[in-house]
Structures are given as C-alpha cells and as structure tokens.
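Visitor: Residue numbers (my numbering), protein chains in the order written: chain A, 1 to 317; chain B, 1001 to 1528.
These aren't lab readings, by the way, just hints derived from the structure by calculation. All C-beta atoms, glycine included, are put in the ideal place defined by N, C-alpha and C. Be careful, since some hints might not be right.
Taking beta-carbon pairs under 7 Å as the criterion, some of the chain B residues facing chain A (in silico) [claimed, not checked]:
hint, residue
1, L1103
2, N1106
3, L1115
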Amino acid sequence: METSFAWLEIFLNASFWVAAVRIATPLIFGTLGEVICERAGVLNLGIEGIMTFGAMAGWMAVYQGAGLWTGLLFAAACGGTFGLLHAMLTVPLGLSQHVTGIGITLLATSLSSYVYRLILPEVNSPPRIQAFEPLEIPGLSSIPLIGEALFKQTPLTYFAFISVIVVAYVLYRTPVGLAVQMVGENPAAAEAQGLNVTLIRTGAVVCGSAFMAVGGAFLTMSAFNAFFFNMINGRGWICIALVVFASWRPGKALLGALLFAAFDAYQMRLQQLLGAEIPYQIFLMMPYVLSILALIVMSRRVGYPQALMIPYRKGER
Amino acid sequence: MRSEIEISEKQPSAEVVLRLRGITKVFGSLVANDDISLELKSGEVLALLGENGAGKTTLMNIIFGHYVADSGSIEVFGSSIQQGSPHVAIELGIGMVHQHFTLADNLSVLDNVMLGTEPLWSLYSNRRAGRQKLEQLGERFGLQVNPNERVAELSIGERQRVEILKALYRNAQILILDEPTAVLTPQETETFFETLKKLVSGGLSLIFISHKMQEVLAISDRVAVLRDGRLVSELKTAGASETELAQAMVGRNIELPERKALKAGEPVLKLKSVTVRAEDGRSALSSLSLDIRAREIVGIAGVSGNGQTTVADLISGLVEPQSGTLELHGEVVNNFTPRNMLRKKVGRIPEDRHSQGVIGDMTLAENIVSESYQEPQFSSYGWQNHLNRQRFAENVVSKFDVRGYSANSPVRLLSGGNMQKLILGRVLSGNPQLILANQPGRGLDVGAVAYVHEQLLAARANGAAILLISEDLEELLKISDRIAVIHRGRLSESFPRESISIAQLGLLMTGQQKTPTTNNQSTEADAS
C-alpha cells in the first residue's frame, strides 16, 4: 500500500514544483519569442539554433569576464542578430520561412560549436561560471509549496514572468502591439493605414529572437552553469508546439510552458520511483506524448494569424 | 492653406481638391494607365466608370500611394504630393475603401479603425477616446457598428461600414470607393447610397468606381470613363444616358441577349424535401423541393447567406443531404462526390472564381481539362496526352473568346471576365445536362455579363437545364424562366418570370410574404 500512493506524493513535495518552474523558464522565453514572431506573420524555425547560440554567447561572455546581466544582454543581442538575418531573408525577400528557419537553426547551432572551439580549443570539460543565484522574495517565499516554487528562483525566472506581462500588455494595449497583430493578420490592411509592414515584421522577428536567445542563456547562466553541445535538446521545437497550444497568446503560453515543465519534472521523479520496472525511455517520452495530445484537443479551434507564413510584397498584383 | 485657395477661386464651392496630371503606369507589357488627367471638385461625386481591366483600380492605387506612377503628378488641395506612401496620402486627407476590404478578421472593429492613428511608440493606447470618436462618427453618418465586435462576425455590409469609418476616423476629405457595391445586396446598396449622400453633405468629395451604369447615373455628379487605360470621356451625369455611357465604356455596341420562349422538356433535376444540417459554416436547408426541366432556367433569388451556398454545394456534390432525395434524370443520387456529379453531366460555374473555379498558378490548358483530364483523350495508361490537351484548350480559348494570354500562361493573370469565359468553356465543352450557375455575372462588366448570359441561353436552347443562383435581381429577371426565393434555408414555390416583379421578389427575400398577390403582376413584367 505504501508505494501505491507514492506517485501522488510527488505533488506534495516542494522540490517538484521548484523544478517545474525552473524547467518552464527557458520554454517561457522561447514561446514568448515565437509568439511575437508569429503574431507578426513570420514563422521562426531558427528558434532551436538561436537558443543554442544564446546559451553559448551568454555563458562565454561571462566566462570572458563580463557581468551576468551584460552577458545576458550580449546573448539577447546575438539572438536579435540572427533574427535580423531571418527577417531580411523572409520579409523583404519573401523566401520560404520554413527553409530559411531551418537554415538559421543549422547555422546558429554550428556557429555555437565553432566559436566555442575557437575560443577554448583545448578544453575537455566545459568550464563552469559563477551563475545567477536564487533570489528569495522575503515574506512570499515562506508560503508553503507555492512560495518555494515561485519566489525562491533565480532572477531570470522572475524576469520570464515579468516578460509575459509586458509582452501581453504591449501586444494588446499599445499601438505598436496592434500594428504587430495587424501585419500578421492582414498586411495589406496595415499598409492601407499607412504603416510600414516590412519594418514592423522585421522588428518583431528581431525582438522575438532576442527572447529566444535569453531562453537559451537561462540554461547556461542559471541552470547548468556551463555550455554543452546539444544542451537545447529540442526545447526550441517544443516552443513551436507550445505557441499553437497557447493559440498565440502570451498568457496561455505561460500556462502551456508550466504544464509541459510539470510533466517533465513529474516523469523524472516517476523514473526514480518505477525505473526498475519500466524502461526509463517511456517516461522520457511522456511529456511529448502528452503535449501532442494536448495539441490535438486545444488546437482544433484556434484562430492562427491569418497572414502567418505569407510573404507580403508591396504593390504586387 | 485650403482657405487661401478658396479665396482666390471665383466659386468657392468648385474648388479643385484633387488634380491628376498625365498619370501613366505600365505593368510589364500592359499599359494600365495612359496619360490620365483628371480633377475632383469639392463636394462632388465623381464616378469612374470602366470595364474590368480598364485601369480604374490602378489609378486609385496610385492616388492612395500603393503604387508609384511611372510619370505624372498628383496635387491634393493645391500642393503636389510625394507618391508611393499611403501614409502621406492619409495625412493629406485621402481615404480609400478598397474593393477587397483591408480588415483583419480576428481583430475588433475598434482595433481595425485605430490602427496607425496613434504614435507607434506610445506606451498607452487611448481606446476610450477612440471608441467615443468612432461612435460619434457612426451616429453622424448613420454607420453604426459595435466597436468591440470581431470583424469576422460582421456581415459584408457592416464590414464596408468599418472601411468607411476607418477613413472618416482619419479625417478624410477625399474618399475613394473602389467598386463598393460589387459585394452588396440590393437592399444594402440602397442603404449605402444614403450613406454616400450623408458623406457629401458632411463636406467630403467622393470618387466612386463602378462598372454598373444604373448606379453611376443614380449617385454621381460627373462621370469619367476609362477604357484600356485611357480616359475616353468626361461628362456631367445629368443628361447622360445609359447607352451613351455603355458605348464610351466598351467602345462598341453591345447586343444584349434575349430570352426566347422555349417549351421545357423532361425534368432533369428533382429535389424532394431535401434537408441539410448547418455545418462547416454552411447555412442549413430545410425541406427543400425543386424541379428543373430541360430547356429551362430556374433562378434562385435571395439575400446572401440564406442557404444559396448550400444548394450549390449540394448540386456540386460537396455536401450530402441528411434527408430527402436528389434525382437526376429520374435516378436517385446516393453518392455525393464532385466526381460523381461530373460523371452525371452536371456542369458547375462556382460562385468564387478564384478559390473554387480555377487553380491560379496552373496554366489555362491545365485548368480547362481539370474536370476531364482522366478521360481517354487526355490520358491513357497513366500518361497525359499533352498534344490533345493543348489542341482542346486552344479550341476552347478561341471558341469562348478568352483573351490576353496563351494556353500556357498561368490562369491568375486573366481578368475576371476572361476567367469566367474560361470556366464557361470548360463547363459547356462537357455538354452538361444540368448547369449550376452560381452568381455567374458577379464582378463582371457589361460585355462579359452579356456574353455569359448569351452562352447560358444557348445551352438552354440546346436542351440543358440550368439552375441560376444570383443576388442580382435584374440578372434573374433577364434570363430565368421561373424564379424561386430562398430565405433562411427554405425555398418558396417557383413563379413564372412573367408573373413576378422586383418588388414582390424583394418582399419574399426578406421573408415577409409567402406568395405574391396576383392583381398587380403584369406591370413590372411588361416594363422589361
């Protein structure tokens, strides 16, 4: 009888919730970034590579002596640069967003390894850096379960939550947010109202890509404290799915990221519990299977941005 | 600035607000606008009349900054403007209601209207003030729309109101309306004309693009006629006649086809209490019955969205009835697929040429055989017979007078009229026994409509049964033998064309009357 309830007891353990929020953080950044790009009508499959490069760039900057926040800013700038490249190819030139995005991922991933080897040619195991420390919010952090999960995290996690609110506000409450939505829904309408579609789309992709890079940087600057090859490990692709799950809304993106992360944290604990009886790969699979199921249920009736993946060429007949 | 000009003019009311000088625009080998000079005076309605492809929309797009003219200049309120920027045009008080509305369906009315009205980088959008201004404008010009409604939920007429409100919100003084009535029902058109009168009395100057002469005569002060990119005529509306305008527009005499009395034959299509559930955005049909005989055109009138699309889908084999039967030549149809309907000699002229009629990026020839490519003359043992296809396509292209491009050009380059001719050619060359003609004249100019009607009447004379679905009552009265009215998925009984008037049809379309009264039936019928 004792073991039969162990799978439920996981939920009562604060470390589970702390892990869930920590795992969610890079996904929140990545999904938020992808939401911004796609709301403007540009699919950014460069996300996996941009996260990788962000992880490498932030970590490397700090290792070379930069401050933590400077390193983070540098990672964001690198992400923005890849975003600019993606935008240049897909917006004014109107190239296929799928092909360009995959190209960006391959380029950014390989460049990360290349730069890493260029700067540290003879290192066997990647050096660790002094990363972001958890920051307790006095008072709030003593609430049982929730307090520990939400208010004993590193600053980047708080930053992720704040970003969701800021992005949602900008998207729904400011003129520039409306403009971003409009170029993703009907670029011709945006132009007829006197807006520059190319500029707005490019800006959104640059900004979204910066968020992606910050998501990657979280892994090296706040979680693992070092850069490993393949450390993004499909997180970028998960973000792409989470965007659909979230029906392109920042608030629901946060929810989706937390849900996925909770599954992930849960399966890791189940592995420890039942790993002897069931092959652990089954558990590794679980969050992905569940996210596919969730997508099937949720995405049936979503209204995606109508001009998503459609290049806009001014004055074309 | 404007007042200074007014003082210098002798008649302040005749101030020129917009002046075009020698506008020329070339697309590839096509001269869309050829040295056009035109003036718009304050407070007037200038109609720009011309066939499809005459260059009306191109000219307006140049004024609004979507295109840059190859040569020529534009003056607004006396100062010449830099071309190529809608932003500049809007700032100078030019508004445009596009033919294909430029609205985002997933956003609210207010979002659509307020877009671009505030500085892009302000941290706050004053939506309350925006809503207030929008409501005031709506009240003043009779253009009420709920600001919070999503555009996707609005009817076509309401969407057009939003388009106009967008321009008014930016304080437009000059409003360009590109084929505004093309998408409207007769009822909506009437309301729309009321709105235009209010706009003019509110101080706006209008350019009204159309190819419908009755509308031009009804609403405009002056008419400019474009043909093949050139301004061929400019005249006062008062005193102009329909024939005069038609001739200027087409450059030749158009013979309007006449319906000759024919004796109808055996029933071809029989619908017996067919019921279709509302699904996938289709409206429902309830217990619909209808017979169409050979050598007969039966028209279905109705306000759009009352089930016409479902009737068309049913006969095209795109939807299956939940109950009731559909018989072709006395045989009950059980297999509702487009291919089976084609096999049973049903020809279809779809409502939306671009999305359902043709595949834009494929060639004329491929589109012509797209319903028959499996036949032995075009393919055998899995191989296509290019030679036969080419020969057949060239034959159709010349027989149905599809102009402008060769059989190997992509179809999307064709104008609306030529695209419709191509579809007609595809349908009629299959010798169909039942023809579904869904809005066959929509968006076409006089010449093309006359051609389509002529071909349909010829098919009727050859023994085809034709179901004509249209929102254009004049079209229905011109070529139908019998007319039924559809309202909320229910079809009225059908009335012989001779015994029903536009007024009676109008009443039936709003569901107010079950059967027309018989005492005043002859008046309208005799008029045509």
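Visitor: Does each hint hold? Answer for all of them.
Guide: Evaluation of the provided hints:
Against a cut-off of 7 Å between C-beta atoms, the interface hint on L1103/B holds, since the closest Cβ of chain A lies about 6 Å away. This hint holds: N1106/B has a C-beta 5 Å from the nearest C-beta of chain A, less than the 7 Å allowed. Of the supplied interface hints, the one on L1115/B holds, with its beta-carbon coming within about 5 Å of a beta-carbon of chain A, less than 7 Å.
Every hint, counting from the list given before, is met by this structure.
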